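Undergrad: Can you make the complete structure from the sequences, with help from the hints?
Number of protein chains: 2
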Amino acid sequence: MSVQVTIEKMAAQAKKAARVMASLSSEAKNRVLLRMAEALLANQEYIQAENGKDLVAGREKGLSAAMLDRLELSEKVMQSMVAGLHEVAALPDPVGEVSEMANRPSGITVGRMRVPLGVIAMIYESRPNVTVDAAALCLKSGNAILLRGGSEAIHSNLALAKVLQDVLAAEDIDPAALQVVPTTDRQAVNFLLSLEEYIDLVIPRGGEGLIRFVAENSRIPVLKHYKGVCHQFVDASAEIKMAVDIVVNGKTHRPGVCNALECLLVHQDIAATFLPEVALALTAAGVELRGCPRTKAIVADCRAAEDGDWGMEFLDLILAVKVVDDMDAAMDHIARYGSQHTDNIVTADYGNAQRWLREIDASAVMVNASTRFNDGGEFGLGAEIGISTTKLHAYGPMGLKELTTKKFIVYGDGQVRS
Amino acid sequence: MSVQVTIEKMAAQAKKAARVMASLSSEAKNRVLLRMAEALLANQEYIQAENGKDLVAGREKGLSAAMLDRLELSEKVMQSMVAGLHEVAALPDPVGEVSEMANRPSGITVGRMRVPLGVIAMIYESRPNVTVDAAALCLKSGNAILLRGGSEAIHSNLALAKVLQDVLAAEDIDPAALQVVPTTDRQAVNFLLSLEEYIDLVIPRGGEGLIRFVAENSRIPVLKHYKGVCHQFVDASAEIKMAVDIVVNGKTHRPGVCNALECLLVHQDIAATFLPEVALALTAAGVELRGCPRTKAIVADCRAAEDGDWGMEFLDLILAVKVVDDMDAAMDHIARYGSQHTDNIVTADYGNAQRWLREIDASAVMVNASTRFNDGGEFGLGAEIGISTTKLHAYGPMGLKELTTKKFIVYGDGQVRS
Numbered sequence: 000m001s002v003q004v005t006i007e008k009m010a011a012q013a014k015k016a017a018r019v020m021a022s023l024s025s026e027a028k029n030r031v032l033l034r035m036a037e038a039l040l041a042n043q044e045y046i047q048a049e050n051g052k053d054l055v056a057g058r059e060k061g062l063s064a065a066m067l068d069r070l071e072l073s074e075k076v077m078q079s080m081v082a083g084l085h086e087v088a089a090l091p092d093p094v095g096e097v098s099e100m101a102n103r104p105s106g107i108t109v110g111r112m113r114v115p116l117g118v119i120a121m122i123y124e125s126r127p128n129v130t131v132d133a134a135a136l137c138l139k140s141g142n143a144i145l146l147r148g149g150s151e152a153i154h155s156n157l158a159l160a161k162v163l164q165d166v167l168a169a170e171d172i173d174p175a176a177l178q179v180v181p182t183t184d185r186q187a188v189n190f191l192l193s194l195e196e197y198i199d200l201v202i203p204r205g206g207e208g209l210i211r212f213v214a215e216n217s218r219i220p221v222l223k224h225y226k227g228v229c230h231q232f233v234d235a236s237a238e239i240k241m242a243v244d245i246v247v248n249g250k251t252h253r254p255g256v257c258n259a260l261e262c263l264l265v266h267q268d269i270a271a272t273f274l275p276e277v278a279l280a281l282t283a284a285g286v287e288l289r290g291c292p293r294t295k296a297i298v299a300d301c302r303a304a305e306d307g308d309w310g311m312e313f314l315d316l317i318l319a320v321k322v323v324d325d326m327d328a329a330m331d332h333i334a335r336y337g338s339q340h341t342d343n344i345v346t347a348d349y350g351n352a353q354r355w356l357r358e359i360d361a362s363a364v365m366v367n368a369s370t371r372f373n374d375g376g377e378f379g380l381g382a383e384i385g386i387s388t389t390k391l392h393a394y395g396p397m398g399l400k401e402l403t404t405k406k407f408i409v410y411g412d413g414q415v416r417s
Numbered sequence: 000m001s002v003q004v005t006i007e008k009m010a011a012q013a014k015k016a017a018r019v020m021a022s023l024s025s026e027a028k029n030r031v032l033l034r035m036a037e038a039l040l041a042n043q044e045y046i047q048a049e050n051g052k053d054l055v056a057g058r059e060k061g062l063s064a065a066m067l068d069r070l071e072l073s074e075k076v077m078q079s080m081v082a083g084l085h086e087v088a089a090l091p092d093p094v095g096e097v098s099e100m101a102n103r104p105s106g107i108t109v110g111r112m113r114v115p116l117g118v119i120a121m122i123y124e125s126r127p128n129v130t131v132d133a134a135a136l137c138l139k140s141g142n143a144i145l146l147r148g149g150s151e152a153i154h155s156n157l158a159l160a161k162v163l164q165d166v167l168a169a170e171d172i173d174p175a176a177l178q179v180v181p182t183t184d185r186q187a188v189n190f191l192l193s194l195e196e197y198i199d200l201v202i203p204r205g206g207e208g209l210i211r212f213v214a215e216n217s218r219i220p221v222l223k224h225y226k227g228v229c230h231q232f233v234d235a236s237a238e239i240k241m242a243v244d245i246v247v248n249g250k251t252h253r254p255g256v257c258n259a260l261e262c263l264l265v266h267q268d269i270a271a272t273f274l275p276e277v278a279l280a281l282t283a284a285g286v287e288l289r290g291c292p293r294t295k296a297i298v299a300d301c302r303a304a305e306d307g308d309w310g311m312e313f314l315d316l317i318l319a320v321k322v323v324d325d326m327d328a329a330m331d332h333i334a335r336y337g338s339q340h341t342d343n344i345v346t347a348d349y350g351n352a353q354r355w356l357r358e359i360d361a362s363a364v365m366v367n368a369s370t371r372f373n374d375g376g377e378f379g380l381g382a383e384i385g386i387s388t389t390k391l392h393a394y395g396p397m398g399l400k401e402l403t404t405k406k407f408i409v410y411g412d413g414q415v416r417s
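So the protein lines, in turn, are chains A and B.
According to numbering that gives the first Met the number 0, the first sequence is numbered sequentially starting from 0.
According to numbering that gives the first Met the number 0, the second sequence is numbered sequentially starting from 0.
By construction, these hints were calculated from the structure, which means they are not laboratory data.
Hints may be right or wrong, so weigh each one.
A pair holds if it fits inside one copy or across any two, identical chains being indistinguishable in the list.
Said to hold, decoys possible - Simulated crosslink set (SDA-like; lysine to any residue; CA at most 20 Å straight-line): (1) K406 with Q353; (2) K240 with R30; (3) K400 with M112; (4) K15 with R357; (5) K240 with S105; (6) K8 with G83; (7) K161 with Y410; (8) K161 with L33; (9) K8 with G413; (10) K400 with E99; (11) K295 with M241; (12) K400 with S98; (13) K406 with D331; (14) K75 with L40; (15) K400 with M100; (16) K406 with A334; (17) K161 with M9; (18) K406 with G376; (19) K400 with G110; (20) K406 with L356; (21) K15 with R354; (22) K15 with L356; (23) K14 with A328.
Quick caveat: nothing in here was measured; it's all calculated off a predicted structure.
TA: Take a look at the structure:
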């Protein structure tokens, strides 16, 4: 059987299973999630043995230590997958929620009911724990899921899927609700992305290259963010210590993630007092500054920023710094170089705070808080399946609700249209 | 200047104008809409003269009478565009609405603010009044709009856009917020659909061919419905008169539109009493029935349905009719042949009504009401820009809210992540 036939058959079966998933009770879904947690522990030896094959192959292929670390299903990662399943089981079930019910002049009563999307395809890279975390969120929200991980993790992903599918089968649920695509070449991904008849949503997670490939080739809607180039503007009225703390936290708390701070914009009226202090704190934390000429005039030993440093996602202990004339100049800079991910202002000015919240176009717009707070857990969504900087459907962290949609429901008693 | 350079420049200007549109007050937007209504009336002679060029060209090209009718900006159509502008001005402004505000354990306060999408591209066919109707909805929701109508209506569309742009300019708003793409070949559409950097959403309106072309070639999210194959199931417990009235209304009230009824499914226990009555009423209304063998056994003079009649959007006085064993068989038929547009049950059974509402996967699921009610006006959204059977972002009629998204806003007072 050709790869295409296999994948199309999997997608068709997933669509069939999605009808079953959509009508499962919350109680049934939670029971499945908790049994999956038990099954992971009961099959830990098997899973880690399969994971071992990937680790051996990875070492042979010369993967970096960081890559091998992401690939390993250590005791700690196993425990975090189990904890994740418990956490998702404890979240409220969004499916079936009815809202906006109203009587209409015609006599019908119209409202909206929250329903699963159907079939979700996750396309991701090396971390095999995504297999379990994503499956939990999709199943809890009543969806079927097709998982296509990276080639480095194929044994691990297939083993995890087998253990989870056995639980579905034991609970009399079609195991096609959760499937790992067994081929990992881009050809197969490309074909998967054409199956709009069966798949309702694609979520890519990984490097910008993978995400661009998916976005450019998909006929199915994609929720994604390419990168997080988070900006912070320090207004003339900012309290200096607060601004320093927030910059240092944004940049150094976890520099390799998408909500880390990448560019600092400073109002010219506060630059002379604020920049030396923040430079001292950042340098002490090992951060390299790349400043505009006005920044360098104040922080002499700072490296000169080049054109490519504006809009750059460093994902490292590097920060671009620019002195701007006023808030409008800061907003223009963000409109040009921002990534619509997270942008923060530090200010004591009421009007500027309100204007910032209204006018900055980003999935999370903040006043006086670290960009690091842009996260499903911190925002109260529970576990998150990703962050979207696409404005359609979801803008920002995506939790269970973002894996659902709302259909219209109508109660009539014989009304016809006149 | 090449067509591509022209279009890219228009899109870039639209994106710039979108920032202005997003921060306009409701009062300013409403004033613009009302001035646009005045301007249409003041320039009626010019608009109709330009429309006359399209009508002459259309007659020369041999367009059908129906096509020419759709193309004509008659006194009546002019009045309806003016009324539409007044109607949209009177609708509540969705932009700026804040919801779900909550304090988080970290001390930050998080909520969501409704904001415009940015730049919306409408791709449509012959009716030039769409130019005004769509522009009104996009401007009221704070978006910029790129309009690309059909070649038959190019003079009309450019004239309408000129009149509306003059109003924007007189109100000191960048006229690039509303632009008609001056070229109408598919090449130009294809290029437009690649400009994801500038355009946030594409809405195609027209025949299935146009919509498929847009969906298959767009890198930008698309909200669409290919067709409306609306089903109605008459349950064993249905009240016969109610079921007959709803079927006749669904089929005959306006057979050429997407929420017209196309397929009738009848529970076997009620077929012998219901089918003769509904056949009588439908035949009297000029409807041709195409029945399954069990239908033909009851309604002898009914034409035999062929395979292609199931899932067919007739858009005409034709109805496919099938007798099914039970509600499950009806639901299976809809899962296979439906278009996720509108599906109705007529029933007196509480459990079946509730199960129908929960389990049918369609943008509007109805109990005891005509499918013709699936409409933004009837559902209380005000004017609608289209109906989506895509599940992402909007599912069902799309009004002003569906032309917006929600971003996260965070109020902090110095919080950092620990």
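Undergrad: Each hint should be assessed against the structure and marked as holding or not.
TA: Right, here's what the structure says about each hint:
no., hint, result
1, K406 with Q353, "between (34 Å within a copy, 14 Å between copies)"
2, K240 with R30, "neither (49 Å within a copy, 45 Å between copies)"
3, K400 with M112, "both (12 Å within a copy, 17 Å between copies)"
4, K15 with R357, "between (43 Å within a copy, 17 Å between copies)"
5, K240 with S105, "between (61 Å within a copy, 19 Å between copies)"
6, K8 with G83, "neither (30 Å within a copy, 48 Å between copies)"
7, K161 with Y410, "neither (43 Å within a copy, 45 Å between copies)"
8, K161 with L33, "within (16 Å within a copy, 63 Å between copies)"
9, K8 with G413, "neither (42 Å within a copy, 53 Å between copies)"
10, K400 with E99, "both (16 Å within a copy, 13 Å between copies)"
11, K295 with M241, "neither (23 Å within a copy, 80 Å between copies)"
12, K400 with S98, "both (14 Å within a copy, 15 Å between copies)"
13, K406 with D331, "between (39 Å within a copy, 19 Å between copies)"
14, K75 with L40, "within (12 Å within a copy, 72 Å between copies)"
15, K400 with M100, "both (19 Å within a copy, 16 Å between copies)"
16, K406 with A334, "between (34 Å within a copy, 16 Å between copies)"
17, K161 with M9, "within (15 Å within a copy, 52 Å between copies)"
18, K406 with G376, "between (27 Å within a copy, 16 Å between copies)"
19, K400 with G110, "both (17 Å within a copy, 15 Å between copies)"
20, K406 with L356, "between (31 Å within a copy, 10 Å between copies)"
21, K15 with R354, "between (48 Å within a copy, 18 Å between copies)"
22, K15 with L356, "between (44 Å within a copy, 19 Å between copies)"
23, K14 with A328, "between (50 Å within a copy, 18 Å between copies)"
Violated hints, in rising order: 2, 6, 7, 9 and 11; the structure is consistent with all others.
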